[in-house]
Amino acid sequence: MAFTKALLLILILSNSLVMARTKLLEFSTRQNVHNLKLDSLTGVTFYLKGKNTLAYSAKNRANVVIEKKSNSEFDVIKVNDDLYIISVKENHFKNFSFFQDSEIYFYNIKSNELNFISKGSYPKFHKKSGYISFTKEDKDKLFIEVINTRNYLDRFQIPLKTRDLLYRPQTVIFDDSLIYFTDRNKDFYEYVSIYNNRSKKQFLLHEFDTTNSKLSLTSDNEKIYILETAISNKSYVQLSSLEKGSIDYTKKTPLFNTTYGPAYNLQHNSGELNFILTLKSKNSNLINQRELVSFDLKEKKLFKRTDLNYVSTYTIQNEKVLIPYKDKIYLLTNKEGKYSINEEIKSQL
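So the mapping is simple: our numbering equals the position in the sequence shown, first residue as 1, plus 170.
It should be emphasised that the hints constitute simulated quantities derived from the structure, not laboratory data.
Treat the numbers as computed from the prediction; the structure is a model and nothing was measured.
Be a bit skeptical, because a hint or two may be false.
Said to hold, decoys possible - Result set (DSBU-like, lysine-lysine): computed pairs, CA atoms no more than 30 Å apart in a straight line: (1) 496 / 229; (2) 404 / 474; (3) 309 / 331; (4) 422 / 490.
All chains should be built: construct the whole structure from the sequences, respecting the hints.
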């Protein structure tokens, strides 16, 4: 017990020290960080107003977006300056269930119109194609539902084989004829497939032979980027690219390899691939660091961008990366627009 308390004290002091010495610039917002749901960095802010109401404020106006009867979880995703995706999970703690679909809405801030679209989980906006995707459960089966934000009637579903209703598939949508997505087979091995909604055909791109391997996907206009990692004692990370539309997984181009890991949450932004990577701590043999890193596609190098010791999530707004950490939000760049932390991590290719 005494050892546990001592270790806990070390962790608290270590985190406090990191908070005091971080080189990152703190992001200033008009709303309380705990209530903030989205700051577009263009003057529009979505925030909690009480425990059951989502509101927004802009330079010359403010409005309630949606109000529920009980405590709710709200998430907001920006599509464009007028349209936002709102997901609401109402009072789900009382159901004693790990799985509950959220209500998904499209909200037009200009006309103040809120339209219910569907129910599902993990909504993601695919900027290049204008589609959103999310998982949907029906009769103990899981689907990926895809909806066009420009035409709500343009929607379709991709059935998944996984038995795990909590599984969160990775999706990349170039258009309705070229969709990359991950799934699990009956042995829980992860694989990546290509789906064409016009022909209703599906093609298996690659399948792993272990349950320890996990994938994260993102893309730019010409390529799909693949982050492979292992959640085991033998960690590894492989970052690679594959030409858009390619059906030969062996032709992927290696970009970065390391025995660090695991890694997750791969996102493309302004010529860089961002993800969260577990690193060996320099300060202690007991604690591993989890930091945000970015791979520069031009320089072909990976850089550590944070010094917070434990980064669990990040968002990208208006081409800026925001890091929520405890009671603050941090930016990767300083007031001059340069990276505050720029430590190269060598590849083991």
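Evaluation of the provided hints:
no., hint, verdict
1, 496 / 229, "holds (27 Å)"
2, 404 / 474, "holds (21 Å)"
3, 309 / 331, "holds (13 Å)"
4, 422 / 490, "holds (28 Å)"
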